[in-house]
Amino acid sequence: MADGPGSSVGLEALRRCRLFARLDEGRLAPLAASLRARRYRSGETIFHQDDPGDALHVVTAGAVKIVLPSAEDEEPAIIATLRPGDFFGELALFDDAPRSATAVALGPTETLVLRREAFLALIDDDRSMRHALLSSLADEIRSITAHVQDLHFLDLPGRLSRRILREAEKVAAEPDGSFRLAWPYTQAELAGMIGGSRQSVNRLLADLVARGLIRVERDVLVIPDRVALERSIRR
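Numbers given in this note's numbering equal positions in the sequence shown, counted from 1, plus 20.
Source of the hints: derived by calculation from the structure; they are not laboratory data.
One should not assume that every hint holds.
Label pairs and their calculated CB-CB ranges [unchecked claim]:
{"id": "1", "residue 1": "Arg42", "residue 2": "Ser120", "range": "23 to 31 Å"}
{"id": "2", "residue 1": "Asp70", "residue 2": "Glu194", "range": "41 to 49 Å"}
{"id": "3", "residue 1": "Ala41", "residue 2": "Asp239", "range": "23 to 31 Å"}
Glycine is no exception: its CB is placed at the ideal position from the N, C-alpha and C atoms.
Take the sequences, apply the hints, and build the full model.
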């Protein structure tokens with residue numbers, strides 16, 4: 021389902037999005053006017069790997085997982101979980117290649133969509149906008165590189181703890197210094213994020229709970245002491 025987001029809603033979404041964080045108000049306004057809202061049901065596929073790519077999505081509500089499909093008897097690899105302020109599909113703004121992964125809504129989700137044609141029309145004559153966007157993309161590449169380093173250099177317990185800590189980076193600390201994370205993932209999905217099995221993730225989560233490094237309260241994961249969890253990671 022699609023409709024216009026309204027200029028104020030679109031502007032606020034762009035301000036929260038890292039990709040556009042370096043742009044001033046004057047450059048954000050025409051971008052906001054080009055956005056279109058989309059709503060997705062829980063579990064609905066936003067696009068499939070190898071679909072034609074022609075638009076960027078900015079998450080405004082809910083969450084989206086980016087997955088690499090695998091064989092039928094294996095869990096797909098979850099390469100990213102995105103929340104409001106995050107974006108995906110950005111490569112479609114720059115080339116005509118098909119989608120490199122599949123995007124699926126985690127719960128009821130809303131995104132704002134920027135089509136390639138609208139994006140290119142806006143940056144054709146604005147060199148500073150191109151520079152700002154390329155700088156933001158460079159930040160994203162660094163983030164992806166850090167994720168690859170985790171997969172290569174950390175053991176499975178370390179990858180699990182690091183994944184939890186990366187989720188904590190997206191929320192503010194509570195007054196007591198703890199972090200409370202909305203936790204919609206199944207153990208199979210979490211296993212797909214860190215390259216493990218569901219059974220091993222179940223065992224490792226239980227160990228973190230037993231050591232007091234995390235608590236699980238229904239759909240919320242609590243980190244009582246972020247520094248202690250960080251120190252538990254062995255390289």
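To see whether the hints hold, each was checked on the structure:
Checked against the given bound of 23 to 31 Å, the beta carbons of arginine 42 and serine 120, roughly 25 Å apart, stay inside it. Hint check: aspartate 70 to glutamate 194, Cβ distance near 42 Å, so the stated range 41 to 49 Å holds. Checked against the given bound of 23 to 31 Å, the beta carbons of alanine 41 and aspartate 239, roughly 29 Å apart, stay inside it.
Violated hints: none; the structure is consistent with every hint.
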